[in-house]
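K.L.:
Sequence:
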Amino acid sequence: MGASDSKPKEGSTPQVPEGRKSIAHEPNELFSPRRGNDEASGPLAESLGNATRHGVSPGSGGAAYAKINQDRGVAHWPYNGSHNEALFCVFDGHGRNGEKVSEFCVKAIPAALQEVGAELRADPPAVLHQTVIEVDKKVLKKDGGSFANMCGTTSTIVYVQGSTCWVACSGDSRAVMGYVERGSVKARDLSVDMKPDAPGEKERILAAGGEVSVGRGNGPSRVWCDGRVGLAMSRSIGDGECKKYGVIADPQIRKFDIDVDRGDRFIICASDGVWEFISSKEACQIVAKESASASKACASLVQAAAQRWKKAEGNYRDDITAIVVRLPFIQPDADEPPKTLDQVGVSGSVSGRLSGHIDLDGGVYINLGETGLEQIAEGRLSTAGAGGGGGGDASDFAKRRLSVAAKPADDDDWENGSSGDDLEVEVEMPAPAA
Numbered sequence: 001m002g003a004s005d006s007k008p009k010e011g012s013t014p015q016v017p018e019g020r021k022s023i024a025h026e027p028n029e030l031f032s033p034r035r036g037n038d039e040a041s042g043p044l045a046e047s048l049g050n051a052t053r054h055g056v057s058p059g060s061g062g063a064a065y066a067k068i069n070q071d072r073g074v075a076h077w078p079y080n081g082s083h084n085e086a087l088f089c090v091f092d093g094h095g096r097n098g099e100k101v102s103e104f105c106v107k108a109i110p111a112a113l114q115e116v117g118a119e120l121r122a123d124p125p126a127v128l129h130q131t132v133i134e135v136d137k138k139v140l141k142k143d144g145g146s147f148a149n150m151c152g153t154t155s156t157i158v159y160v161q162g163s164t165c166w167v168a169c170s171g172d173s174r175a176v177m178g179y180v181e182r183g184s185v186k187a188r189d190l191s192v193d194m195k196p197d198a199p200g201e202k203e204r205i206l207a208a209g210g211e212v213s214v215g216r217g218n219g220p221s222r223v224w225c226d227g228r229v230g231l232a233m234s235r236s237i238g239d240g241e242c243k244k245y246g247v248i249a250d251p252q253i254r255k256f257d258i259d260v261d262r263g264d265r266f267i268i269c270a271s272d273g274v275w276e277f278i279s280s281k282e283a284c285q286i287v288a289k290e291s292a293s294a295s296k297a298c299a300s301l302v303q304a305a306a307q308r309w310k311k312a313e314g315n316y317r318d319d320i321t322a323i324v325v326r327l328p329f330i331q332p333d334a335d336e337p338p339k340t341l342d343q344v345g346v347s348g349s350v351s352g353r354l355s356g357h358i359d360l361d362g363g364v365y366i367n368l369g370e371t372g373l374e375q376i377a378e379g380r381l382s383t384a385g386a387g388g389g390g391g392g393d394a395s396d397f398a399k400r401r402l403s404v405a406a407k408p409a410d411d412d413d414w415e416n417g418s419s420g421d422d423l424e425v426e427v428e429m430p431a432p433a434a
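full-length UniProt numbering numbers the first residue of the sequence shown as 1 and each following residue consecutively.
Mixed in with the good hints there might be a few duds.
[Unchecked claim] Estimated spans, in silico, between C-beta atoms of each pair:
id: 1; residue 1: D250; residue 2: G215; range: 19 to 29 Å
id: 2; residue 1: S146; residue 2: A292; range: 43 to 53 Å
id: 3; residue 1: G200; residue 2: S291; range: 31 to 41 Å
id: 4; residue 1: S279; residue 2: P199; range: 19 to 29 Å
id: 5; residue 1: S184; residue 2: K255; range: 17 to 27 Å
id: 6; residue 1: A292; residue 2: D143; range: 21 to 31 Å
id: 7; residue 1: G227; residue 2: R182; range: 47 to 57 Å
id: 8; residue 1: D226; residue 2: A126; range: 31 to 41 Å
id: 9; residue 1: E282; residue 2: K137; range: 48 to 58 Å
id: 10; residue 1: E282; residue 2: V192; range: 17 to 27 Å
[What the hints assert, rightly or not] Cross-link-like lysine-lysine pairs, in silico, BS3-like; alpha carbons within 30 Å at most:
id: 11; residue 1: K289; residue 2: K186
id: 12; residue 1: K100; residue 2: K142
id: 13; residue 1: K289; residue 2: K137
id: 14; residue 1: K137; residue 2: K100
id: 15; residue 1: K243; residue 2: K255
id: 16; residue 1: K255; residue 2: K202
id: 17; residue 1: K100; residue 2: K289
id: 18; residue 1: K195; residue 2: K137
id: 19; residue 1: K100; residue 2: K141
id: 20; residue 1: K100; residue 2: K202
id: 21; residue 1: K311; residue 2: K281
id: 22; residue 1: K202; residue 2: K141
id: 23; residue 1: K141; residue 2: K243
id: 24; residue 1: K255; residue 2: K281
id: 25; residue 1: K137; residue 2: K244
id: 26; residue 1: K202; residue 2: K137
id: 27; residue 1: K289; residue 2: K255
id: 28; residue 1: K202; residue 2: K244
id: 29; residue 1: K281; residue 2: K186
id: 30; residue 1: K100; residue 2: K195
id: 31; residue 1: K244; residue 2: K141
id: 32; residue 1: K142; residue 2: K195
id: 33; residue 1: K142; residue 2: K243
id: 34; residue 1: K311; residue 2: K186
id: 35; residue 1: K202; residue 2: K243
id: 36; residue 1: K142; residue 2: K289
id: 37; residue 1: K255; residue 2: K137
id: 38; residue 1: K195; residue 2: K243
id: 39; residue 1: K100; residue 2: K186
id: 40; residue 1: K244; residue 2: K195
These are calculated hints, taken from the structure and not from any lab test.
C-beta: ideal position from N, C-alpha, C; glycine also.
All chains, please: the whole structure from these sequences, using the hints.
P.N.:
Right under this line is the structure:
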């Protein structure tokens, strides 16, 4: 496919297709379990669920600070003018303003793929790869190169066409298929976490002049760029400074058949906030317990992940986002001719059926345009004080995405910072159970 076909116009901001605008806005941010959850209802909630919880950072005196949620996600069905196609994506931003990169991608990538819909249908791997590369180039050029020089996002895309799916992964947001074999729930990883110390990844980074540190304790392995910037993944969109040292956007693309008769039951697509303390197998077991509702299953998974963070890290938690898709989500119909977006309409789409930012392009967006902060979460909320954000306690916690080392004395172009997540409100949280 031609590169000009897949990338949006230079300098433009991704938009919903002409004439299609937002009709609802209900970010599905979950509260703490003791306050209950407002899972989506309706016919499609049985088949498709989405949920998220923002991260928190430790403060002084046992307090915690709620962070801007940098995760973004989207579920599109029908997609590409057909009820036989669907698209599910999760983007996990990192670094200061990383949420802007993930939000850019959650609109740009589905739109770019749909612009070359016939080619996507004919050759998914080539089109998925080219689209991610072109969007990465656009992100790196935006605002004269400053938009994503020191921040970026993971990208995990699940494209379903009939009974086949393709997964394109850049980073460590993961897609997993849950299936049943001999009465037991099992997991099949549909993507591979792109870590700096992984075989093949490490060699490329070292050849480009980067350094790779091995993770210690709860900390991840990192690619270090000129000894000052450490990124906890080997592939991402954005991260311009790290692209000089072997970090690439190229997604690893894998193809899978969906066979319900064989035992395939659901697909989970989630940010690493889920996977940090929950294995693929355990996540599938959690989802399988809520067999009647993908929405409830997704909420249960996100809440379970939040509890694991609290137990392991106290007042530190990464953003947590997940999409759960029950199978068969699509009933294959090889004879169905592709439809235009106007022919598809809203009534037969995910629009109006699930919580999220719902657009008339048939998409449900997670966190679009929002910080995702709980209004009343796990205690009293108050405005963070001057210099707020984690205080001295924050240094005790591993920066899980993008770390910036102390600014060298002779280099004024580098900021002395942490992971860069903007801190908004203070939350008094109880100490984790012993």
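K.L.:
Determine for every hint whether it applies to the structure shown.
P.N.:
Hint by hint, here is what the structure shows:
Checked against the given bound of 19 to 29 Å, the beta carbons of D250 and G215, roughly 23 Å apart, stay inside it. Between S146 and A292 the Cβ separation comes to about 48 Å, which falls inside the hinted range of 43 to 53 Å. About 38 Å separates the C-beta atoms of G200 and S291, a value consistent with the hinted range of 31 to 41 Å. Separated by about 21 Å at the C-beta atoms, S279 and P199 satisfy the suggested range of 19 to 29 Å.
Roughly 25 Å separates the CB atoms of S184 and K255, a value that falls within the hinted 17 to 27 Å. Taking 21 to 31 Å as the suggested C-beta distance range, the pair A292 and D143 does not conform, at roughly 47 Å. With their beta carbons about 51 Å apart, G227 and R182 fall inside the hinted range of 47 to 57 Å. Look at D226 against A126: about 34 Å separates their beta carbons, and that is inside 31 to 41 Å.
Hint check: E282 to K137, Cβ distance near 38 Å, so the stated range 48 to 58 Å is violated. With their beta carbons about 18 Å apart, E282 and V192 fall inside the hinted range of 17 to 27 Å. For the suggested pair K289 and K186, the alpha carbons sit about 13 Å apart, so the restraint of at most 30 Å is met. With a C-alpha separation of about 11 Å, the suggested pair K100 and K142 falls inside the 30 Å cut-off, and the hint holds.
Pair hint K289 plus K137 does not hold up; C-alpha atoms about 42 Å apart against a cutoff of 30 Å. About 15 Å separates the Cα atoms of K137 and K100, which keeps this hinted pair within 30 Å; it holds. In summary, the hint linking K243 to K255 is supported, as the alpha carbons are separated by about 27 Å, within the 30 Å threshold. Annotation: proposed proximity of K255 to K202 holds, straight-line Cα distance about 25 Å (limit 30 Å).
Distance hint between K100 and K289 is unfulfilled; the C-alpha atoms sit about 35 Å from each other, more than 30 Å. Our distance criterion of 30 Å between C-alpha atoms is met by K195 and K137, whose separation comes to about 22 Å. A hinted pair counts as satisfied when its Cα atoms are at most 30 Å apart, and K100 with K141 qualifies at roughly 14 Å. Among the hinted pairs, K100 with K202 is consistent with the structure: their alpha-carbon atoms are about 28 Å apart, no more than 30 Å.
Distance check on the hinted pair: K311 and K281 sit about 20 Å apart at the alpha-carbon level, within 30 Å; holds. The hinted pair formed by K202 and K141 meets the criterion: a straight-line CA distance of about 26 Å does not exceed 30 Å. The hinted pair formed by K141 and K243 meets the criterion: a straight-line CA distance of about 13 Å does not exceed 30 Å. Distance restraint check for K255 and K281: the Cα-Cα separation of roughly 20 Å lies within the 30 Å cut-off, and the hinted pair is therefore satisfied.
As the CA atoms of K137 and K244 are separated by approximately 13 Å, the hinted pair is consistent with the 30 Å bound. For a cut-off of 30 Å, the pair hint linking K202 to K137 stands: about 23 Å separates their Cα positions. Taken as a hint, the K289 and K255 pair is honoured in the structure, with Cα atoms around 27 Å apart against an allowance of 30 Å. Using a Cα cut-off of 30 Å, the hinted pair K202 and K244 holds, with the two alpha carbons roughly 14 Å apart.
With a C-alpha separation of about 6 Å, the suggested pairing of K281 with K186 holds against the 30 Å cut-off. Distance hint between K100 and K195 is fulfilled; the C-alpha atoms sit about 23 Å from each other, no more than 30 Å. At most 30 Å may separate the alpha-carbon atoms for a hinted pair to count; K244 and K141 meet this at roughly 14 Å. Taking the CA atoms of K142 and K195, the gap is near 26 Å; set against the 30 Å cutoff, the hint holds.
Pair hint K142 plus K243 holds up; C-alpha atoms about 15 Å apart against a cutoff of 30 Å. A distance of roughly 25 Å separates the Cα atoms of K311 and K186; the hinted pair therefore holds under the 30 Å criterion. Using a Cα cut-off of 30 Å, the hinted pair K202 and K243 holds, with the two alpha carbons roughly 14 Å apart. Between K142 and K289 the alpha-carbon distance is near 44 Å, which puts this suggested pair outside the 30 Å criterion.
Between K255 and K137 the CA atoms are separated by roughly 25 Å; this keeps the pair inside 30 Å, and the hint holds. Of the pairs offered as hints, the one joining K195 and K243 holds, with about 15 Å between alpha carbons and a cut-off of 30 Å not exceeded. The straight-line distance between the Cα atoms of K100 and K186 is roughly 36 Å, outside the 30 Å bound, and the hint therefore fails. Between K244 and K195, the direct Cα distance comes to roughly 17 Å. Compliance with the 30 Å bound is thereby established for this hinted pair.
In this structure, the earlier hints numbered 6, 9, 13, 17, 36 and 39 are contradicted, and the remaining ones agree with it.
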